[in-house]
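Number of protein chains: 2
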Amino acid sequence: MPKYVYMFSEGNKNMKELLGGKGANLAEMTRIGLPVPRGFTVTTEACTSYYENREKLGENIEREIIASLKNLESITGKMFGDPKNPLLVSVRSGARASMPGMMDTVLNLGLNDEVAESFAKETNNERFVYDSYRRFIQMYADVVKGYPKSSFERYLDEYKEKKGVHFDTDLDASDMKTITKDFKKIYFEIAQEEFPINPQEQLLEAVRAVFRSWNNERAIYYRRMNDIPSSWGTAVNVQEMVYGNLGENSGTGVAFTRNPATGEKKLYGEYLMNAQGEDVVAGIRTPSPISKLETDMPDVYKEFETLANKLENHYKDMQDMEFTIENGKLFMLQTRNGKRTASAAIKIAVDLVSEGKVTKEEALLRVDPKQLDSLLHPMFNEASLKNGKVIATGLAASPGAAAGAIYFTAKEATEANQRGEKVILVRLETSPEDIEGMNHSEGILTLRGGMTSHAAVVARGMGTCCVSGCGELTINEEEKWLKTKEGQIFHEKDEISLDGSTGKVYEGKLEKEEASISGDFETFMAWADEARTLKVRANADNPRDALQAKKFGAEGIGLCRTEHMFFDKERIFNFRKMIMADTEEDRVKALEAILPYQRNDFIELYRAMAPNPVVIRFLDPPLHEFLPHKKEEIKELAEALSKSEEALEERIASLKEFNPMMGHRGCRLAITYPEIAKMQTRAVIEAVIEVKKEGLEITPEIMIPLVGSTKEFAFVKNIVTSTADELIKESGMALSYEVGTMIEVPRAALIADKIAKEADFFSFGTNDLTQMTYGFSRDDAGKFLNDYYTKQIFEQDPFARLDQEGVGQLVEMAAKKGRSVNPNISLGVCGEHGGDPSSIEFCYRVGLDYVSCSPFRVPIARLAAAQAAIKNGGQL
Amino acid sequence: MPKYVYMFSEGNKNMKELLGGKGANLAEMTRIGLPVPRGFTVTTEACTSYYENREKLGENIEREIIASLKNLESITGKMFGDPKNPLLVSVRSGARASMPGMMDTVLNLGLNDEVAESFAKETNNERFVYDSYRRFIQMYADVVKGYPKSSFERYLDEYKEKKGVHFDTDLDASDMKTITKDFKKIYFEIAQEEFPINPQEQLLEAVRAVFRSWNNERAIYYRRMNDIPSSWGTAVNVQEMVYGNLGENSGTGVAFTRNPATGEKKLYGEYLMNAQGEDVVAGIRTPSPISKLETDMPDVYKEFETLANKLENHYKDMQDMEFTIENGKLFMLQTRNGKRTASAAIKIAVDLVSEGKVTKEEALLRVDPKQLDSLLHPMFNEASLKNGKVIATGLAASPGAAAGAIYFTAKEATEANQRGEKVILVRLETSPEDIEGMNHSEGILTLRGGMTSHAAVVARGMGTCCVSGCGELTINEEEKWLKTKEGQIFHEKDEISLDGSTGKVYEGKLEKEEASISGDFETFMAWADEARTLKVRANADNPRDALQAKKFGAEGIGLCRTEHMFFDKERIFNFRKMIMADTEEDRVKALEAILPYQRNDFIELYRAMAPNPVVIRFLDPPLHEFLPHKKEEIKELAEALSKSEEALEERIASLKEFNPMMGHRGCRLAITYPEIAKMQTRAVIEAVIEVKKEGLEITPEIMIPLVGSTKEFAFVKNIVTSTADELIKESGMALSYEVGTMIEVPRAALIADKIAKEADFFSFGTNDLTQMTYGFSRDDAGKFLNDYYTKQIFEQDPFARLDQEGVGQLVEMAAKKGRSVNPNISLGVCGEHGGDPSSIEFCYRVGLDYVSCSPFRVPIARLAAAQAAIKNGGQL
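Top line first, the protein sequences correspond to chains A and B.
Per my numbering, the very first residue in the first sequence carries number 1; after that it's consecutive.
Per my numbering, the very first residue in the second sequence carries number 1; after that it's consecutive.
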């Protein structure tokens, strides 16, 4: 049988899994002799057992808690429920990973009427005791019983108003007594039972409540956002109370060993005198900066400074500490590695290395790669955010800051931008036809669609700020207005601002500052590059993105989606002509008109990226995505093609599919229309010939999408090689190219050993692979995935984080099978997962050669790749 | 280096893979001393090499052919191109499996002007020689050069007309000479070169042509229909000519050792005097029945009879033979196991066992399970088919014969049938809403959709005759008429007939006869049941289908799709109410109204099937399938629900999905709306309680669809068990039930070892598993799969025959993983593949417990399961 409860003196900092972060650190501080109030920790395994046991504490656990309580009583010399010398405790959650504010805390537990009365006499401090008691009642009601805090708070506000005072500290002992009495009344009214007077019952109830709080809604959401498995559970820390509310010689505060916003090496924090912990956070009184403590209580300050240094040196990282001063005596209540902004994280990491406190490898592991994102996009400055008026909040779909005039169609957005305006495109939702307008916009705002909607994916790819799914707004695209929940209306050309990192929409134009890549950042990324073995490429469809990617350190293009090139106004017409062609001859003619454009696209891409490799994926989406759907557009196109509208509508209808995701797309198009693949091959190879004349060397990697059988691949490869070889022969040059395939259909992974015989490379298209392995349509899953999160069936969005258990099994299988027949085959990932740190670690572990992600994620991927290597024993 | 050419004397009947069926049997007949003209076989490996070598015969192969030719010359004492004593040969294809008429043949090869002239003198039979020569020119032009036969045939018809004769036999020697000369002219006109005079060149060209014919369109189609891999290739048989056209003492014919239509044990066949092989088939003259030969040439007949018996005894099966009589001497040109009708196949198999010629195991292997299909449906009688007027031909989607009045809507079809009419439902395509009308129809005719369209799948499931995808017809559903290609118009109530086994549509009502399961059939199926170990269940959603399935030998229901029960008029309203409900309370209320119906469905199903198991699949399709889409229906429903039309339309729009196949369906519905699963569990269990009172014992198997993760399954299972256990406890009865899952999402197969810990059974939903493993939408794949067949990327429809390489890998993996943690888990298949013989053999090999298929396929599955067991060493 496992041991479910540990005294602080029994643990240490390496026992986080069992004791939680807070418990392990309390034990560690105890162990190294810091002034820590005594206590014990109920383990995370007790939490797991609680849930396995249909939300019941087993007898064993209860028995161990009671035994540890006795132990605590004998160490402290105080007794639970003893009116003369009562033991009061705090009960706090503490999971393996810090989840600040997500779970619950109860202070002053152990009080009842009898204890309070006698304790007040003993301490000769009635005000303090009843202040503690009323706090306890309110917290117990809230945390253990789930009764609304507001009933208590409203009463307190009214009481203070009646008394004409502003702060709790202005209330005297008799006020506190009255308030306590009335709080118990309020409790009785809601609960229809008396406030429990048995401290032991109070304690067990509080432990259960903390375990329950592990599965409250905000905790579940926080875990999902932060990759924390629900199976971990939380520990509970039961600790002797020390009192910051004993009077003017007492207080409580929080502080960091360095500035968490800038990384500056200087104690940073704040404190409140005559207060308990929650007062600092709640903002009832304004706390003082920690530096003021130096003048107020110089000895305490000096001691705290020493302890803080000791802790930072001990943990070798910036510490976030809580402390209480009880009658002039300092107690440490918590220490943990502090949260910090991205730039602070980098400065601290670099500083710690130069201070000799950590190795470069350790420093690299200290920064969360995802955090880098905020360093790569222009940001609004602090002041403008503070003063800005939020008019709506949507999903933070693509980070960055955008401010400009709103336009409701892609066309008008484009024109406005071409006139020199900064533009925000506002749409119900975007479609591939909007691509040009999106390209011309500072930011994109959509009312529908989630984090993986068209707008979100394309915007992230472009590094353009996007707020998606902002359902609280109303839009009328025809009449060109946007209405807020409050009824405020914005018309075309009105200005708004979008914060893509928070999802907030502001009225007017907020001021921005360009992201600057500081010297520390550069140093840090250079270490990352030294440490990693996994290459990082970027997904880029045009020279602008390619150059951006290169600036961010991309070592090639892992995915150039050629279809994005077809939406350009000049080409879409010929492309539509191709689709509408009745004969192969007409189709070829239309394709020939597109060839020069496509060739030029590639020339520019090569110029941007050479001599690094460029993976070019052949046409992938179903043809109907390229056809117009609006009456007038159809009419226009029909006239241009000299076809009847009916004929056009018929063709459009005939291309409609029930499940386009699994329809006539990918290599299936090249099989029906080999001439498309032929034209694309010509463009790829002729472009190489062209840039070679300029002295550039490049080996294009032609990628066939959606392959599911060897013969599909062989068929298209044959078109490619026969076309390419002839062109190369004609050119008289020595050129090389590769032909490979996406692995994005489950069957391709299953038969990878057969495909690999023919393929030069595999690129895992984990977006589609995830769709088909789960049978989840990405465009539809939003409707039910929320139920999956709230019912705890899923903890993660499988489209954001690679599902290693299922989809990953296919990736690993395909990698193994592929290498078994073709040891030199190059393996990469080009789905959204290529920019996700945990997925990147997986890619490293299964031995892929590179990941490819959107340009703005390249630095993230570089760091994640370095961390993967270091975690698996890699060194600089 | 392999040996590419075998003399007939070097082979035997076991060398079919190498020599093809015809070659192996010619060798065998030679070996056992039958009068076979001498010759040699170019192997199937030479064909494979020809294709690997970019359609070139390698030098080795050519050298071996020439060497064998020399050998043949020395054996026969005749010389290729020798004017005096020329060797003439036939060149015929011969694949491993018989593909009658699919590939090409050249007779009389070796003739040229010089040879003909001198050969005519030698034989003193000018007519014979030039008759042979003109035949050769035409066949060579057609087979080797691909020139149209019609040019030659037209000339011949005109010549005969001019001469005023009807038959070729009425032409004399000088006619034949003229015709030969003119044929060479026609050849020159088309070819722009002289007819080749070098016999060796003629031979090599002919061999190449036969190899090429392996990949002609009709051969590819035939292989697809008959499961023949394209990798097998064909052999080529080069054989000394014998002449049936030497005069009235010569002839040629084909015969079977038993009647291929009835199985009667009596020589059956026909012959023509003074003719070459192709004349018998071409129908230029009417051949005589083989019995007439007994009077015409009694000695030859007796010899043939003896040889026929010898061959049947030797091959232990009914033989299909070709023979030629040259100047009164009998030659055997071919023998093979004869094609036969299903009833003949069964009679012959049973007879051969009672004659002591084969074992029961051998007899079971002799009948193609697919053939049984035609024995299970009512059929049109021969006479009516012969006299019927075919007005169109579509796909033979579901076998059977239907004759009745046409109706264009499901509603009118239902009403007409309720008035007592026999009805044929004609639709552009059917949708789930048509289910009731389909149920009331004799037959279903659709203009769109393939073999796996809604109409086809549902009709096969019901055992209802269906012709689908009949695109040559035009329909106007509003005005209620149907138009043939020729412009003939059929209105509502006009009568037509459908033959679901041929896809033909006839004018008027053809006469039918009921299928009778003869005594032999029963005997035969009893043997099959003894031999097999794999159980056979049926997919059935209602008592009618369940009873039909039981009659055909089903051992339980493997799939009851509960959603089909919701389309009934009385329930759909409440179901729609459920979908439209705004609160859980309203949803529960609507579901409670459905509960009694659903419970009653199960009671009737149990009554039909007990004590055999019944697998009940919980609600699977997306909800929008249940909502109306037509304006007036929406209005009607809105009124009935006291909702506005707008609200209804909004809800309908909100349920629309981009890829419904991968959308909100299956267990995802139960996760969002647990109350649905709860209601269905109640119906399942309360029905068991009800029938138990009647003394019936049944263990329902509740199946959760579309599971992809363990938690999905656990969530729904928890709803099921908590609901069921309470009901069972209340009932005070001892009941059992099982809870299992479909394995139809690739991820489920990948994590089957985890799911199996919780699941009592797996049922492989190979339809959806195929869709997602390939990424093929079944509803859309029809658009491009044809290109896949013609470009030889696919040889088989993966929805009809289980893709063992890819999808099968997942099935096998899941079976292994499942059993590894839960050795008692029951494993079955319930997709369309459950009725496909080759897929059934796969299921047997990977160790599944049962297959489940539509009722009309149950006997097919029973036989296929027996064959699988026997092929793998099983005995009766």
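Hints in this document: simulated from the structure, not taken from any laboratory.
Ideal Cβ placement from N, Cα and C applies to all residues, glycine included.
Fair warning: there could be bad hints in the mix.
Unchecked claim - From the derived model, a few chain A residues whose C-beta atoms are all more than 10 Å from chain B:
1. M1
2. S74
3. M79
4. D113
5. D142
6. L330
7. I634
8. R651
9. E675
10. E712
11. E738
12. S777
13. K791
14. I793
15. Q809
Claimed, not checked - Within a straight-line C-alpha distance of at most 16 Å, the following computed EDC-like cross-link-like pairs (lysine to aspartate or glutamate) qualify:
16. K84/A with E52/A
17. K711/A with D368/B
18. K569/B with E625/B
19. K791/A with E675/B
20. K329/A with E248/A
21. K577/B with E675/B
22. K386/A with E436/A
23. K711/B with D797/A
24. K656/B with E122/A
25. K711/B with E122/A
26. K754/B with E805/A
27. K711/B with D787/A
28. K729/A with E690/A
29. K339/B with D368/B
30. K711/B with E690/A
31. K817/B with E805/A
32. K754/A with E805/B
33. K711/A with D787/B
34. K817/A with D797/B
35. K711/A with E495/B
36. K493/B with E479/B
Now the hints, each set against the structure:
no.: 1; hint: M1; in the structure: 24 Å, holds
no.: 2; hint: S74; in the structure: 45 Å, holds
no.: 3; hint: M79; in the structure: 44 Å, holds
no.: 4; hint: D113; in the structure: 43 Å, holds
no.: 5; hint: D142; in the structure: 28 Å, holds
no.: 6; hint: L330; in the structure: 47 Å, holds
no.: 7; hint: I634; in the structure: 21 Å, holds
no.: 8; hint: R651; in the structure: 13 Å, holds
no.: 9; hint: E675; in the structure: 13 Å, holds
no.: 10; hint: E712; in the structure: 6 Å, violated
no.: 11; hint: E738; in the structure: 22 Å, holds
no.: 12; hint: S777; in the structure: 4 Å, violated
no.: 13; hint: K791; in the structure: 6 Å, violated
no.: 14; hint: I793; in the structure: 4 Å, violated
no.: 15; hint: Q809; in the structure: 5 Å, violated
no.: 16; hint: K84/A with E52/A; in the structure: 40 Å, violated
no.: 17; hint: K711/A with D368/B; in the structure: 30 Å, violated
no.: 18; hint: K569/B with E625/B; in the structure: 15 Å, holds
no.: 19; hint: K791/A with E675/B; in the structure: 15 Å, holds
no.: 20; hint: K329/A with E248/A; in the structure: 12 Å, holds
no.: 21; hint: K577/B with E675/B; in the structure: 14 Å, holds
no.: 22; hint: K386/A with E436/A; in the structure: 33 Å, violated
no.: 23; hint: K711/B with D797/A; in the structure: 15 Å, holds
no.: 24; hint: K656/B with E122/A; in the structure: 71 Å, violated
no.: 25; hint: K711/B with E122/A; in the structure: 55 Å, violated
no.: 26; hint: K754/B with E805/A; in the structure: 10 Å, holds
no.: 27; hint: K711/B with D787/A; in the structure: 13 Å, holds
no.: 28; hint: K729/A with E690/A; in the structure: 15 Å, holds
no.: 29; hint: K339/B with D368/B; in the structure: 10 Å, holds
no.: 30; hint: K711/B with E690/A; in the structure: 56 Å, violated
no.: 31; hint: K817/B with E805/A; in the structure: 14 Å, holds
no.: 32; hint: K754/A with E805/B; in the structure: 11 Å, holds
no.: 33; hint: K711/A with D787/B; in the structure: 13 Å, holds
no.: 34; hint: K817/A with D797/B; in the structure: 26 Å, violated
no.: 35; hint: K711/A with E495/B; in the structure: 47 Å, violated
no.: 36; hint: K493/B with E479/B; in the structure: 13 Å, holds
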